[in-house]
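Visitor: Sequence:
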Amino acid sequence: VRTLFNDIRGLFPMSSQLRVYGVIERHVLLAAAYVDSQAREGVTFDGSPLCCHATTRKGTSCQRVPLPGSKYCPSHKHLDDDLRELAVTAA
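Numbering (the numbering used here), first residue to last: 12 to 102.
Keep in mind that a hint or two might mislead.
[Said to hold, decoys possible] Calculated lysine to any residue pairs in the SDA-like style (CA-CA distance at most 25 Å, straight line):
(1) Lys69 - Ser48
(2) Lys69 - His89
(3) Lys88 - Ser59
(4) Lys69 - Val46
(5) Lys88 - Glu52
(6) Lys82 - Leu41
(7) Lys88 - Val46
(8) Lys88 - Gly70
(9) Lys82 - Asp92
(10) Lys82 - Gly70
(11) Lys82 - Thr66
(12) Lys69 - Glu52
(13) Lys88 - Ser72
(14) Lys82 - Glu52
(15) Lys88 - Pro60
(16) Lys88 - Ser48
[Unchecked claim] Estimated spans, in silico, between C-beta atoms of each pair:
(17) Asp57 - Met25: 21 to 31 Å
(18) Cys62 - Ile19: 28 to 38 Å
(19) Pro24 - Lys69: 10 to 20 Å
(20) Thr66 - Leu22: 14 to 24 Å
Because the hints were derived from the structure by calculation, they are not lab data.
Small disclaimer: the values here were computed from a predicted structure and weren't measured.
Glycine residues also receive a C-beta, built at the ideal position from the N, C-alpha and C atoms.
Starting from the given sequences, assemble the full structure and let the hints guide the process.
Guide: Put into structure tokens, the structure is as follows:
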């Protein structure tokens with residue numbers, strides 16, 4: 012929100028900048044909520060189906076649908092567990 016506001020704040024008079032910041036914040040929150048709801052339904056923000064974030068041995072993207080609440084399909088779910096363990100050890 013701050014970055015977008017800083018990019019456009021010069022286009023608005025000082026008296027309107029608080030309102031502009033509020034409008035940007037509301038729209039960004041709405042967009043984030045929409046993307047999250049679409050992900051829960053198994054589709055991206057534009058309606059195309061989600062696909063696994065892993066790559067195959069051949070170097071191409073995995074085309075399988077990820078598990079609910081995960082970025083990875085059943086074949087690559089161990090990668091999600093590895094990331095969680097790494098985050099715990101880093102903290």
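Visitor: Does each hint fit the structure? Answer for all of them.
Guide: Hint check:
1. Lys69 - Ser48: Cα-Cα ~32 Å, so violated.
2. Lys69 - His89: Holds: lysine 69 and histidine 89 sit about 19 Å apart, inside 25 Å.
3. Lys88 - Ser59: Holds. Lysine 88 to serine 59 sits at ~21 Å (cutoff 25 Å).
4. Lys69 - Val46: Distance of about 30 Å is beyond 25 Å: violated.
5. Lys88 - Glu52: 19 Å, holds
6. Lys82 - Leu41: Within the cut-off at roughly 22 Å; holds.
7. Lys88 - Val46: Roughly 22 Å separates the two Cα atoms, so the pair holds.
8. Lys88 - Gly70: 18 Å, holds
9. Lys82 - Asp92: Between lysine 82 and aspartate 92 the Cα gap is close to 11 Å, so the pair holds against 25 Å.
10. Lys82 - Gly70: 18 Å, holds
11. Lys82 - Thr66: 12 Å, holds
12. Lys69 - Glu52: Not satisfied, since the Cα-Cα distance of roughly 29 Å exceeds 25 Å.
13. Lys88 - Ser72: With Cα atoms ~15 Å apart, lysine 88 and serine 72 stay inside 25 Å; holds.
14. Lys82 - Glu52: 13 Å, holds
15. Lys88 - Pro60: 18 Å, holds
16. Lys88 - Ser48: With a Cα-Cα distance of about 21 Å, the restraint between lysine 88 and serine 48 holds, given a limit of 25 Å.
17. Asp57 - Met25: 21 to 31 Å: 37 Å, violated
18. Cys62 - Ile19: 28 to 38 Å: Holds - the Cβ-Cβ distance for cysteine 62 and isoleucine 19, about 34 Å, lies within 28 to 38 Å.
19. Pro24 - Lys69: 10 to 20 Å: 56 Å, violated
20. Thr66 - Leu22: 14 to 24 Å: 42 Å, violated
This entry does not satisfy hints 1, 4, 12, 17, 19 and 20, going by the numbered hints stated previously.
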